[in-house]
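> Once you have looked at the hints, place chain B on chain A.
Protein chains: 2
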Amino acid sequence: MTTLFTFAINNFSVIKMSTVRAEIITIGDEILIGQIVDTNSAWMGKQLSDIGIQVHQITSVSDSREHILTALKEASQRASVVLITGGLGPTKDDVTKVTLGEYFNAPMVFNEDVFLDVERLFKMRGREVSAVNRKQAEIVSNCTPLRNEVGTAPGMWFDENNVIYVSMPGVPHEMKHLMSKHVLSRLKARYKTPFILHRSILTQGIGESVLSELIEEFENNLPKHIKLAYLPGAGMVRLRLSATGVNEAGIRAEMDQLVSDLDHRVADFRFGFDEETIQEVLGKLLTDKKLTISTAESCTGGYIAHQLTSVPGSSSWYMGSTVTYSYQSKTEILGISETLMLEHGAVSEEVVTAMVENVKRIMKTDCAVATSGIAGPGGGTPDKPVGTVWIGIALPGKVFAKKVLLGDNRLRTIQVASETALNMLRKAIIASDL
Amino acid sequence: MTTLFTFAINNFSVIKMSTVRAEIITIGDEILIGQIVDTNSAWMGKQLSDIGIQVHQITSVSDSREHILTALKEASQRASVVLITGGLGPTKDDVTKVTLGEYFNAPMVFNEDVFLDVERLFKMRGREVSAVNRKQAEIVSNCTPLRNEVGTAPGMWFDENNVIYVSMPGVPHEMKHLMSKHVLSRLKARYKTPFILHRSILTQGIGESVLSELIEEFENNLPKHIKLAYLPGAGMVRLRLSATGVNEAGIRAEMDQLVSDLDHRVADFRFGFDEETIQEVLGKLLTDKKLTISTAESCTGGYIAHQLTSVPGSSSWYMGSTVTYSYQSKTEILGISETLMLEHGAVSEEVVTAMVENVKRIMKTDCAVATSGIAGPGGGTPDKPVGTVWIGIALPGKVFAKKVLLGDNRLRTIQVASETALNMLRKAIIASDL
Chain A
9 MTTLFTFAIN
19 NFSVIKMSTV
29 RAEIITIGDE
39 ILIGQIVDTN
49 SAWMGKQLSD
59 IGIQVHQITS
69 VSDSREHILT
79 ALKEASQRAS
89 VVLITGGLGP
99 TKDDVTKVTL
109 GEYFNAPMVF
119 NEDVFLDVER
129 LFKMRGREVS
139 AVNRKQAEIV
149 SNCTPLRNEV
159 GTAPGMWFDE
169 NNVIYVSMPG
179 VPHEMKHLMS
189 KHVLSRLKAR
199 YKTPFILHRS
209 ILTQGIGESV
219 LSELIEEFEN
229 NLPKHIKLAY
239 LPGAGMVRLR
249 LSATGVNEAG
259 IRAEMDQLVS
269 DLDHRVADFR
279 FGFDEETIQE
289 VLGKLLTDKK
299 LTISTAESCT
309 GGYIAHQLTS
319 VPGSSSWYMG
329 STVTYSYQSK
339 TEILGISETL
349 MLEHGAVSEE
359 VVTAMVENVK
369 RIMKTDCAVA
379 TSGIAGPGGG
389 TPDKPVGTVW
399 IGIALPGKVF
409 AKKVLLGDNR
419 LRTIQVASET
429 ALNMLRKAII
439 ASDL
Chain B
9 MTTLFTFAIN
19 NFSVIKMSTV
29 RAEIITIGDE
39 ILIGQIVDTN
49 SAWMGKQLSD
59 IGIQVHQITS
69 VSDSREHILT
79 ALKEASQRAS
89 VVLITGGLGP
99 TKDDVTKVTL
109 GEYFNAPMVF
119 NEDVFLDVER
129 LFKMRGREVS
139 AVNRKQAEIV
149 SNCTPLRNEV
159 GTAPGMWFDE
169 NNVIYVSMPG
179 VPHEMKHLMS
189 KHVLSRLKAR
199 YKTPFILHRS
209 ILTQGIGESV
219 LSELIEEFEN
229 NLPKHIKLAY
239 LPGAGMVRLR
249 LSATGVNEAG
259 IRAEMDQLVS
269 DLDHRVADFR
279 FGFDEETIQE
289 VLGKLLTDKK
299 LTISTAESCT
309 GGYIAHQLTS
319 VPGSSSWYMG
329 STVTYSYQSK
339 TEILGISETL
349 MLEHGAVSEE
359 VVTAMVENVK
369 RIMKTDCAVA
379 TSGIAGPGGG
389 TPDKPVGTVW
399 IGIALPGKVF
409 AKKVLLGDNR
419 LRTIQVASET
429 ALNMLRKAII
439 ASDL
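Line order of the protein sequences matches chains A and B. In terms of the numbering used here, the first sequence opens at residue 9 and continues consecutively. In terms of the numbering used here, the second sequence opens at residue 9 and continues consecutively.
Any copy, or any two copies together, can satisfy a pair, since identical chains are not distinguished.
Each computed DMTMM-like pair below joins lysine to aspartate or glutamate, with the alpha-carbon atoms no more than 20 Å apart:
hint : residue 1 : residue 2
1    : 298       : 288
2    : 410       : 358
3    : 372       : 340
4    : 143       : 121
5    : 372       : 346
6    : 232       : 256
7    : 184       : 416
8    : 435       : 288
9    : 143       : 224
10   : 235       : 74
11   : 235       : 58
12   : 81        : 167
13   : 435       : 284
Quick caveat, the hints were computed from the structure, so don't treat them as lab data.
This is chain A alone, in the form it adopts within the complex (with noise of 0.2 Å):
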């Protein structure tokens, strides 16, 4: 079903169109136990969305044949495309295939494709096609299929009453194999779409009220067909500015004159732009100003290392870290002293500034980070609490260090200890116009 709205464009014009509304339906226990989260909505929303189809809700069921059933019925009575994932496997809690079977009234049909596409990749793994897995190449007769070049389960779209369905898989991968492959072609082929604009300002170091305070007045005097989101993680808030419309390089035009004035009022606090992370905008930053760098980690253990390796190319401009859990293994790997933390404690200003030094001139770089702090739960004195974290920096020429007190979780600690470190490192850099 599409669904007529009315918006208003630059403020001079009032225009009706259909948008196409999307919903998407996961299937399997395991979502609603909770033994695994569903990512995979989000990956498909982010994708549909940036070709203007409108997620308008994600359901999550159970592996039951009713359920299903249900779900599939109402959601096509709300949407016209609708995209499945679970319960493709080979294996016998699978009911999805069987069930869309019978709400399409249509048999099963064994497809030699397929099947040769399920026997290829064994092939490849050096294994046997199993019974269980010529299964696998059974799909829904009145589907069209679509090939799975990384797993053995095809994905299917089926076309019926002016409904796109679409079952894939819900092993991640092999679901975003067939989004980017197959599946937002077709959609993009077969609907003609309003356009959707996100454009978010990324901030750190600012809570949501006081932001909200500081941008006041631009939110009070946004257009109509202009939302702003406020979403907060780990450290950070996103400010979400969303247009939707038909005049394409209007709203463009307009997003930059807003995004533009936005970032004037929050710049102190903003470290990137819509999906960057600040991994990603650090590394830009050092590989213009053809800079390295190293870290020195203690109470992150490691995740910073693993945030600045998760960016492709990462090597270039990173050169390494010491993640140092003990006493003994920051004595042994970056030479600091015994005796200056036994004076003023492995979590101190001295020790995290010895730390940032060190690592900087043993992995010969440019730049360097460090942390030391107690992660908790255990560990914190009254004068050092649980969350208490000592971040270092080191610039040519320049060290410096900063105690930030993050609350009692360990995990979320270990992150906003990350970010805010990386985005210490970021202005620091900036400022000493390197």
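Here is chain B on its own, set in the frame of chain A:
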């Protein structure tokens, strides 16, 4: 609403009883357009399941009044518990509270106790209560407010027409605080629930379909009231048995027997049970055996260190890591000879063996793990394609290495390589009978 269902216990009795059904509604455009992943629902599903309340459906809807009203109405027709997260923050994009007032036809009232909590939290952070935050103390008149000691938006508990509705902030640690402190105990007091037991066996190094053939006989002979599910993750497959009934002792005994039988069949691949992670299992083993470890990471870039340091108390057995991303850092920190790297390449049996031996010696640990590989997207050659990872393991008096091929997804390669490496060490320690 409670539904009647029928099941058999130990094949000797059939009982009719009621189970409490819950639904979760998550509110926020940011979920639908994929800007954030909804991790709250999985956590809540797990908690509810543990107290015998069955999550029937999870529904994610937009920040729109109409959509929230429809979702509340539909969920309350199917379930007797409706948990709602999102849209309670201090800023203007939050509509949940006002919509709940409309749904219950109840006015908003200022609550003095809630205001004192908001004020206290601000004082602790050394800030004044703003006008925006004052609004956080307004609640829907027919609710029982639930104190939020870690944030400014209180929870709201509604008991209307025999349905419990609970509205909570979407910020994960605030939601968790409210659930743990107030919601779960109130739900337990309110309902008599059936006993639900989930037990899982965690396997590594075997695919879903081979696993299903290995345990075909076991699966075919399962009693009707027990379900088996295969839940694949990065580099692992979880086998989950679920039983529902009233006779807790009987179900526990029957499940113990089944878990033991299943474990016997998959023993070569099993690394743990239930909610354990490979790093926790390894940590317990190291604690039991009084062994310490260190790691030297190249392609996994700190991810192994992060996994290990995510375990509270890991500092007693984990000494640290060297993340050596460059040739220079491999030489400088780990003492790997340049000749060795030039001769064999950094991704080789020889280099990974030297890395694991050297880190063990430098960190003075009993055991060590090292990785060197090509995570991609760049850096592959015909000889060593992207996804090639060498893993080195060192124990007292023993060193060995193994090559694995993990495909072209950078993050997946990092994750699977880490999981595989930690499991290799676990198996080696057990086999060595240290």
